[in-house]
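Turn these sequences into a full structure, and let the hints steer you where they fit.
The opening residue of the sequence shown carries number 18 in my numbering; numbering runs sequentially from there.
Because the hints were derived from the structure by calculation, they are not lab data. There may be inaccurate statements among the hints.
Derived DSS-like pairs (lysine-lysine); straight-line CA-CA distance at most 25 Å [as the list claims (entries may be wrong)]:
#  : residue 1 : residue 2
1  : Lys275    : Lys331
2  : Lys216    : Lys41
3  : Lys149    : Lys217
4  : Lys307    : Lys25
5  : Lys192    : Lys237
6  : Lys233    : Lys25
7  : Lys351    : Lys371
8  : Lys391    : Lys416
9  : Lys252    : Lys303
10 : Lys416    : Lys307
11 : Lys25     : Lys72
12 : Lys414    : Lys371
13 : Lys136    : Lys104
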Amino acid sequence: MKLFDELKWRGLIKDMTSPQIEDKINNGGMTFYIGTDPTGDSLHLGHLSSFLISKRLKDGGHHPILLIGGATGRIGDPKPNAEREMKSIAEIEHNIAALKKQVEELFGFEVVNNYDWTKDLSLIDFLRDYGKFLNVNYMLDKDIIRRRLETGITFAEFTYMLLQAMDFYHLYTTKNCIMQVAGSDQWGNITAGVDLIRKKLNREAYAFTMPLVTDKSGNKFGKSEGNAIWLDPKKTSPYAMYQYLVNVEDEMVIDYLKIFTFLSKEEIEALAADHATNPHLRNAHKALAKEVVTFVHGQAGYEEALRITDTLFKGDISQLSPDDLRTGLKDANKAILQDGIDLCEALVLCKAAKSKREARDLISGNSIAVNGSKVTDIGFIVKQSDGLAEDLYIIKKGKKHWFVCSFE
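Below you can see the structure in the form of C-alpha coordinates.
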(Lines of atoms letter the chains of each structure in order from A and count residues from 1; the text may use other names and numbers.)
(Lines give C-alpha, C1' and ligand atoms only; values in the text may rest on other atoms or scores of the structure.)
Protein backbone atom coordinates (compact mmCIF):
# COMPACT_ATOMS: atom_id res chain seq x y z
CA MET A 1 0.00 0.00 0.00
CA LYS A 2 1.41 3.39 -0.99
CA LEU A 3 1.64 6.14 1.62
CA PHE A 4 -1.27 8.18 0.26
CA ASP A 5 -3.50 5.09 0.16
CA GLU A 6 -2.53 4.26 3.75
CA LEU A 7 -3.40 7.79 4.92
CA LYS A 8 -6.78 7.48 3.18
CA TRP A 9 -7.39 4.05 4.74
CA ARG A 10 -6.62 5.46 8.16
CA GLY A 11 -9.14 8.26 7.57
CA LEU A 12 -6.48 10.97 7.75
CA ILE A 13 -7.25 13.00 4.63
CA LYS A 14 -10.35 15.18 4.32
CA ASP A 15 -9.79 18.03 1.82
CA MET A 16 -7.00 18.66 -0.69
CA THR A 17 -6.16 21.72 -2.75
CA SER A 18 -4.95 19.64 -5.70
CA PRO A 19 -5.11 16.03 -6.94
CA GLN A 20 -1.33 16.28 -7.46
CA ILE A 21 -0.94 15.86 -3.70
CA GLU A 22 -1.28 12.07 -4.09
CA ASP A 23 1.88 11.86 -6.20
CA LYS A 24 3.67 14.40 -4.02
CA ILE A 25 3.03 12.28 -0.94
CA ASN A 26 3.95 8.99 -2.62
CA ASN A 27 7.18 10.27 -4.18
CA GLY A 28 8.84 11.63 -1.01
CA GLY A 29 11.37 14.44 -0.76
CA MET A 30 8.87 17.21 0.07
CA THR A 31 9.18 19.84 2.81
CA PHE A 32 5.89 20.57 4.55
CA TYR A 33 4.77 22.22 7.75
CA ILE A 34 2.17 22.02 10.49
CA GLY A 35 1.47 24.82 12.92
CA THR A 36 0.30 25.29 16.47
CA ASP A 37 -0.14 28.38 18.58
CA PRO A 38 1.39 28.42 22.09
CA THR A 39 -1.92 28.36 23.95
CA GLY A 40 -0.46 25.89 26.47
CA ASP A 41 2.91 24.57 27.55
CA SER A 42 2.20 21.03 26.36
CA LEU A 43 0.55 19.27 23.47
CA HIS A 44 -2.45 17.06 24.25
CA LEU A 45 -4.11 14.07 22.59
CA GLY A 46 -6.16 16.40 20.43
CA HIS A 47 -2.91 17.57 18.80
CA LEU A 48 -1.42 14.11 18.48
CA SER A 49 -3.20 12.98 15.31
CA SER A 50 -1.72 15.77 13.16
CA PHE A 51 1.73 15.23 14.62
CA LEU A 52 1.50 11.50 13.92
CA ILE A 53 0.45 12.25 10.33
CA SER A 54 3.56 14.39 10.07
CA LYS A 55 5.68 11.56 11.46
CA ARG A 56 4.16 9.17 8.91
CA LEU A 57 5.13 11.63 6.17
CA LYS A 58 8.61 11.95 7.69
CA ASP A 59 8.99 8.17 7.70
CA GLY A 60 7.88 8.27 4.05
CA GLY A 61 10.83 10.47 3.09
CA HIS A 62 9.44 13.98 3.62
CA HIS A 63 10.81 16.78 5.82
CA PRO A 64 8.43 18.17 8.46
CA ILE A 65 8.61 21.62 10.03
CA LEU A 66 6.64 22.58 13.10
CA LEU A 67 5.71 26.25 13.18
CA ILE A 68 4.99 27.60 16.66
CA GLY A 69 2.94 30.78 16.47
CA GLY A 70 4.86 33.23 18.60
CA ALA A 71 3.28 35.98 16.48
CA THR A 72 -0.14 34.50 15.72
CA GLY A 73 -0.42 33.37 19.34
CA ARG A 74 -0.31 37.02 20.35
CA ILE A 75 -3.46 37.58 18.27
CA GLY A 76 -5.43 34.34 18.62
CA ASP A 77 -7.10 32.24 15.95
CA PRO A 78 -10.78 33.23 15.71
CA LYS A 79 -12.99 30.73 17.58
CA PRO A 80 -16.40 29.94 16.07
CA ASN A 81 -18.31 31.61 18.91
CA ALA A 82 -16.08 34.00 20.87
CA GLU A 83 -12.81 35.88 21.00
CA ARG A 84 -9.89 34.01 22.55
CA GLU A 85 -8.47 35.22 25.83
CA MET A 86 -5.32 37.26 25.26
CA LYS A 87 -2.31 35.67 26.96
CA SER A 88 0.56 37.61 28.48
CA ILE A 89 3.83 37.82 26.57
CA ALA A 90 5.63 36.03 29.41
CA GLU A 91 3.19 33.10 29.26
CA ILE A 92 3.50 32.89 25.48
CA GLU A 93 7.31 32.81 25.68
CA HIS A 94 7.18 30.11 28.37
CA ASN A 95 4.80 28.02 26.26
CA ILE A 96 6.97 28.38 23.15
CA ALA A 97 10.06 27.09 24.95
CA ALA A 98 8.15 24.16 26.48
CA LEU A 99 6.50 23.15 23.18
CA LYS A 100 9.77 23.38 21.25
CA LYS A 101 11.51 21.10 23.75
CA GLN A 102 8.62 18.62 23.79
CA VAL A 103 8.31 18.36 20.01
CA GLU A 104 12.05 18.04 19.41
CA GLU A 105 12.33 15.26 21.99
CA LEU A 106 9.19 13.37 21.01
CA PHE A 107 9.13 13.76 17.23
CA GLY A 108 12.50 15.16 16.16
CA PHE A 109 10.92 17.82 13.93
CA GLU A 110 12.56 21.07 12.92
CA VAL A 111 10.87 23.89 14.89
CA VAL A 112 10.43 27.50 13.76
CA ASN A 113 8.73 30.50 15.36
CA ASN A 114 6.77 32.91 13.15
CA TYR A 115 7.57 35.78 15.51
CA ASP A 116 11.12 35.70 14.10
CA TRP A 117 10.02 36.96 10.67
CA THR A 118 7.08 39.03 11.85
CA LYS A 119 8.45 41.13 14.72
CA ASP A 120 10.32 43.65 12.53
CA LEU A 121 7.64 43.98 9.84
CA SER A 122 6.05 47.43 9.81
CA LEU A 123 2.30 47.86 9.45
CA ILE A 124 2.73 49.68 6.14
CA ASP A 125 4.93 46.90 4.73
CA PHE A 126 2.48 44.26 5.96
CA LEU A 127 -0.43 45.97 4.24
CA ARG A 128 1.53 46.71 1.06
CA ASP A 129 3.32 43.36 0.67
CA TYR A 130 0.54 41.04 1.86
CA GLY A 131 -2.73 42.84 2.55
CA LYS A 132 -3.22 43.88 -1.04
CA PHE A 133 -3.19 40.27 -2.26
CA LEU A 134 -6.19 38.95 -0.33
CA ASN A 135 -9.63 40.26 -1.22
CA VAL A 136 -11.89 41.04 1.75
CA ASN A 137 -14.81 39.27 0.05
CA TYR A 138 -12.61 36.16 -0.23
CA MET A 139 -11.84 36.35 3.49
CA LEU A 140 -15.47 36.93 4.45
CA ASP A 141 -16.45 33.78 2.59
CA LYS A 142 -14.39 31.59 4.95
CA ASP A 143 -16.57 29.59 7.33
CA ILE A 144 -15.34 30.76 10.76
CA ILE A 145 -15.14 34.41 9.68
CA ARG A 146 -18.66 34.22 8.27
CA ARG A 147 -19.99 32.66 11.47
CA ARG A 148 -18.29 35.24 13.68
CA LEU A 149 -19.77 38.13 11.72
CA GLU A 150 -23.10 37.41 13.40
CA THR A 151 -21.66 38.05 16.89
CA GLY A 152 -18.80 40.36 15.97
CA ILE A 153 -15.12 39.88 15.20
CA THR A 154 -12.22 42.19 16.03
CA PHE A 155 -9.85 43.52 13.37
CA ALA A 156 -6.98 41.69 15.10
CA GLU A 157 -8.77 38.33 14.74
CA PHE A 158 -9.73 39.17 11.16
CA THR A 159 -6.06 39.60 10.22
CA TYR A 160 -5.12 36.15 11.58
CA MET A 161 -5.84 34.54 8.22
CA LEU A 162 -3.45 36.92 6.49
CA LEU A 163 -0.73 36.29 9.08
CA GLN A 164 -1.03 32.52 8.56
CA ALA A 165 -0.96 33.00 4.79
CA MET A 166 2.22 35.06 5.24
CA ASP A 167 3.77 32.19 7.22
CA PHE A 168 3.22 29.78 4.34
CA TYR A 169 4.69 32.30 1.89
CA HIS A 170 7.76 32.81 4.13
CA LEU A 171 8.45 29.09 4.52
CA TYR A 172 7.85 28.55 0.79
CA THR A 173 10.45 31.17 -0.16
CA THR A 174 13.04 30.45 2.55
CA LYS A 175 12.81 26.67 3.04
CA ASN A 176 11.17 25.43 -0.17
CA CYS A 177 8.22 24.32 1.96
CA ILE A 178 5.55 23.52 -0.62
CA MET A 179 2.78 21.99 1.49
CA GLN A 180 0.85 22.71 4.68
CA VAL A 181 -1.01 20.08 6.73
CA ALA A 182 -3.72 21.07 9.22
CA GLY A 183 -6.99 20.11 10.85
CA SER A 184 -10.15 20.62 8.83
CA ASP A 185 -11.06 23.71 10.89
CA GLN A 186 -8.02 25.45 9.36
CA TRP A 187 -9.11 25.02 5.72
CA GLY A 188 -9.84 28.70 5.18
CA ASN A 189 -6.49 29.78 6.62
CA ILE A 190 -4.36 27.32 4.68
CA THR A 191 -6.07 27.94 1.34
CA ALA A 192 -5.42 31.64 1.87
CA GLY A 193 -1.72 30.77 2.01
CA VAL A 194 -1.94 28.75 -1.21
CA ASP A 195 -3.70 31.69 -2.85
CA LEU A 196 -1.12 34.22 -1.61
CA ILE A 197 1.78 32.18 -3.02
CA ARG A 198 0.03 31.87 -6.35
CA LYS A 199 -0.65 35.60 -6.58
CA LYS A 200 2.77 36.83 -5.40
CA LEU A 201 4.99 34.21 -7.04
CA ASN A 202 2.82 32.65 -9.74
CA ARG A 203 3.74 29.24 -8.29
CA GLU A 204 1.75 26.31 -6.96
CA ALA A 205 1.67 25.36 -3.29
CA TYR A 206 -0.31 22.50 -1.77
CA ALA A 207 -2.32 21.76 1.33
CA PHE A 208 -4.54 19.07 2.78
CA THR A 209 -6.57 18.77 5.94
CA MET A 210 -7.34 15.88 8.24
CA PRO A 211 -10.71 15.35 9.91
CA LEU A 212 -10.95 16.57 13.49
CA VAL A 213 -10.84 13.57 15.81
CA THR A 214 -13.96 13.33 17.97
CA ASP A 215 -15.90 10.85 20.05
CA LYS A 216 -19.19 9.44 18.78
CA SER A 217 -21.03 12.52 20.11
CA GLY A 218 -18.81 14.92 18.20
CA ASN A 219 -16.78 16.12 21.19
CA LYS A 220 -13.08 16.66 20.58
CA PHE A 221 -10.94 13.63 21.35
CA GLY A 222 -8.67 13.93 24.34
CA LYS A 223 -11.00 16.19 26.31
CA SER A 224 -12.58 15.07 29.57
CA GLU A 225 -15.02 17.55 31.10
CA GLY A 226 -12.88 20.39 29.79
CA ASN A 227 -9.59 18.84 30.92
CA ALA A 228 -7.17 17.88 28.18
CA ILE A 229 -5.19 14.63 28.26
CA TRP A 230 -1.73 16.20 28.09
CA LEU A 231 1.41 14.61 26.63
CA ASP A 232 3.48 16.09 29.46
CA PRO A 233 3.64 13.42 32.22
CA LYS A 234 3.71 16.14 34.88
CA LYS A 235 0.27 17.31 33.74
CA THR A 236 -1.25 13.91 32.83
CA SER A 237 0.44 10.78 34.15
CA PRO A 238 1.03 7.73 31.93
CA TYR A 239 -1.50 5.92 34.13
CA ALA A 240 -4.19 8.57 33.56
CA MET A 241 -3.54 8.53 29.81
CA TYR A 242 -3.72 4.72 29.81
CA GLN A 243 -7.03 4.76 31.68
CA TYR A 244 -8.52 7.31 29.29
CA LEU A 245 -7.54 5.26 26.25
CA VAL A 246 -8.48 1.85 27.62
CA ASN A 247 -11.96 3.22 28.34
CA VAL A 248 -12.74 4.95 25.02
CA GLU A 249 -16.07 4.15 23.39
CA ASP A 250 -16.36 0.71 21.81
CA GLU A 251 -17.74 2.25 18.61
CA MET A 252 -14.64 4.41 18.15
CA VAL A 253 -11.72 2.22 19.22
CA ILE A 254 -10.88 0.81 15.76
CA ASP A 255 -10.91 4.29 14.22
CA TYR A 256 -8.57 5.46 16.98
CA LEU A 257 -6.23 2.52 16.33
CA LYS A 258 -5.95 3.68 12.71
CA ILE A 259 -5.36 7.31 13.66
CA PHE A 260 -3.15 7.07 16.73
CA THR A 261 -1.02 3.96 16.24
CA PHE A 262 1.53 2.63 13.79
CA LEU A 263 0.05 -0.87 13.83
CA SER A 264 -0.29 -2.30 10.34
CA LYS A 265 -3.53 -2.70 8.42
CA GLU A 266 -3.39 -6.44 9.05
CA GLU A 267 -2.85 -6.01 12.80
CA ILE A 268 -5.72 -3.53 13.12
CA GLU A 269 -8.06 -5.70 11.07
CA ALA A 270 -7.23 -8.65 13.33
CA LEU A 271 -8.02 -6.52 16.39
CA ALA A 272 -11.27 -5.38 14.75
CA ALA A 273 -12.32 -8.99 14.18
CA ASP A 274 -11.47 -9.89 17.78
CA HIS A 275 -13.34 -6.83 19.05
CA ALA A 276 -16.43 -7.83 17.07
CA THR A 277 -16.53 -11.33 18.56
CA ASN A 278 -15.01 -10.76 22.02
CA PRO A 279 -15.69 -7.11 22.96
CA HIS A 280 -15.64 -7.94 26.68
CA LEU A 281 -11.92 -8.78 26.48
CA ARG A 282 -11.16 -5.19 25.37
CA ASN A 283 -8.09 -6.29 23.47
CA ALA A 284 -8.47 -3.46 20.95
CA HIS A 285 -8.66 -0.92 23.77
CA LYS A 286 -5.60 -2.39 25.49
CA ALA A 287 -3.67 -2.30 22.22
CA LEU A 288 -4.62 1.35 21.68
CA ALA A 289 -3.58 2.31 25.20
CA LYS A 290 -0.31 0.36 24.97
CA GLU A 291 0.71 1.85 21.61
CA VAL A 292 -0.06 5.47 22.47
CA VAL A 293 1.35 5.44 26.01
CA THR A 294 4.51 3.67 24.84
CA PHE A 295 4.99 6.14 21.98
CA VAL A 296 4.53 9.17 24.23
CA HIS A 297 6.09 7.96 27.49
CA GLY A 298 8.26 5.03 26.46
CA GLN A 299 8.23 1.44 27.67
CA ALA A 300 8.86 2.54 31.26
CA GLY A 301 5.81 4.80 31.21
CA TYR A 302 3.64 2.01 29.84
CA GLU A 303 4.89 -0.46 32.46
CA GLU A 304 4.22 2.10 35.21
CA ALA A 305 0.66 2.59 33.95
CA LEU A 306 0.10 -1.16 33.75
CA ARG A 307 1.55 -1.78 37.21
CA ILE A 308 -0.66 0.84 38.87
CA THR A 309 -3.70 -0.41 36.95
CA ASP A 310 -3.14 -4.06 37.89
CA THR A 311 -2.47 -3.23 41.53
CA LEU A 312 -5.47 -0.94 41.95
CA PHE A 313 -7.89 -3.37 40.38
CA LYS A 314 -6.40 -6.73 41.30
CA GLY A 315 -3.59 -6.47 43.83
CA ASP A 316 -2.54 -5.15 47.22
CA ILE A 317 -2.52 -1.35 47.16
CA SER A 318 -0.17 -1.27 50.14
CA GLN A 319 2.55 -2.28 47.67
CA LEU A 320 2.15 1.03 45.82
CA SER A 321 4.16 4.08 46.80
CA PRO A 322 2.34 7.20 48.02
CA ASP A 323 3.15 8.89 44.68
CA ASP A 324 1.68 5.94 42.76
CA LEU A 325 -1.45 6.04 44.92
CA ARG A 326 -1.89 9.76 44.39
CA THR A 327 -1.42 9.26 40.65
CA GLY A 328 -3.80 6.34 40.40
CA LEU A 329 -6.44 7.89 42.65
CA LYS A 330 -6.14 11.49 41.47
CA ASP A 331 -9.78 11.59 40.37
CA ALA A 332 -11.20 9.63 43.32
CA ASN A 333 -13.68 11.23 45.73
CA LYS A 334 -11.95 13.02 48.61
CA ALA A 335 -13.14 13.34 52.22
CA ILE A 336 -11.88 14.63 55.56
CA LEU A 337 -12.59 12.38 58.53
CA GLN A 338 -12.33 12.60 62.29
CA ASP A 339 -9.91 10.16 63.84
CA GLY A 340 -11.75 7.32 65.57
CA ILE A 341 -15.14 7.47 63.82
CA ASP A 342 -16.88 4.28 62.83
CA LEU A 343 -16.65 3.05 59.26
CA CYS A 344 -20.39 3.43 58.61
CA GLU A 345 -20.19 7.15 59.29
CA ALA A 346 -17.01 7.42 57.21
CA LEU A 347 -18.77 5.84 54.22
CA VAL A 348 -21.53 8.44 54.45
CA LEU A 349 -19.07 11.34 54.79
CA CYS A 350 -17.06 10.28 51.75
CA LYS A 351 -20.31 9.65 49.82
CA ALA A 352 -19.73 5.94 49.35
CA ALA A 353 -23.15 5.44 50.94
CA LYS A 354 -26.22 7.64 51.20
CA SER A 355 -27.07 6.52 54.74
CA LYS A 356 -25.68 4.49 57.62
CA ARG A 357 -28.16 1.74 56.80
CA GLU A 358 -26.79 1.50 53.26
CA ALA A 359 -23.27 1.61 54.71
CA ARG A 360 -24.01 -1.34 56.99
CA ASP A 361 -25.42 -3.29 54.03
CA LEU A 362 -22.27 -2.58 51.98
CA ILE A 363 -19.99 -3.71 54.79
CA SER A 364 -21.93 -6.88 55.60
CA GLY A 365 -22.21 -7.60 51.88
CA ASN A 366 -18.42 -7.76 51.54
CA SER A 367 -18.37 -4.68 49.28
CA ILE A 368 -15.96 -2.50 51.27
CA ALA A 369 -12.18 -2.65 51.48
CA VAL A 370 -10.03 -0.40 53.69
CA ASN A 371 -6.41 0.14 52.69
CA GLY A 372 -6.57 -2.92 50.49
CA SER A 373 -8.21 -5.33 52.95
CA LYS A 374 -11.86 -6.39 53.01
CA VAL A 375 -13.86 -5.27 56.04
CA THR A 376 -17.05 -7.07 57.13
CA ASP A 377 -17.22 -5.79 60.72
CA ILE A 378 -19.98 -3.17 61.00
CA GLY A 379 -18.30 -1.82 64.13
CA PHE A 380 -14.96 -1.20 62.42
CA ILE A 381 -13.26 1.98 63.67
CA VAL A 382 -11.35 4.28 61.32
CA LYS A 383 -8.02 5.23 62.90
CA GLN A 384 -5.49 7.65 61.52
CA SER A 385 -2.70 5.42 62.82
CA ASP A 386 -3.89 2.62 60.51
CA GLY A 387 -3.46 4.75 57.39
CA LEU A 388 -0.99 3.97 54.67
CA ALA A 389 2.25 5.89 54.32
CA GLU A 390 2.01 9.68 54.56
CA ASP A 391 -1.46 9.66 56.10
CA LEU A 392 -3.26 8.07 53.15
CA TYR A 393 -6.46 6.25 54.08
CA ILE A 394 -8.05 4.48 51.12
CA ILE A 395 -11.59 3.10 50.99
CA LYS A 396 -12.83 1.04 48.04
CA LYS A 397 -16.46 0.20 47.24
CA GLY A 398 -17.01 -2.68 44.88
CA LYS A 399 -14.50 -3.02 42.05
CA LYS A 400 -14.08 0.51 40.75
CA HIS A 401 -15.13 3.16 43.28
CA TRP A 402 -12.32 4.69 45.31
CA PHE A 403 -12.32 7.24 48.12
CA VAL A 404 -9.23 8.97 49.47
CA CYS A 405 -9.58 10.16 53.06
CA SER A 406 -7.51 12.46 55.23
CA PHE A 407 -7.99 13.46 58.84
CA GLU A 408 -8.84 16.67 60.66
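What are the numbers of the hints that this structure violates, sorted from low to high? 1 and 5
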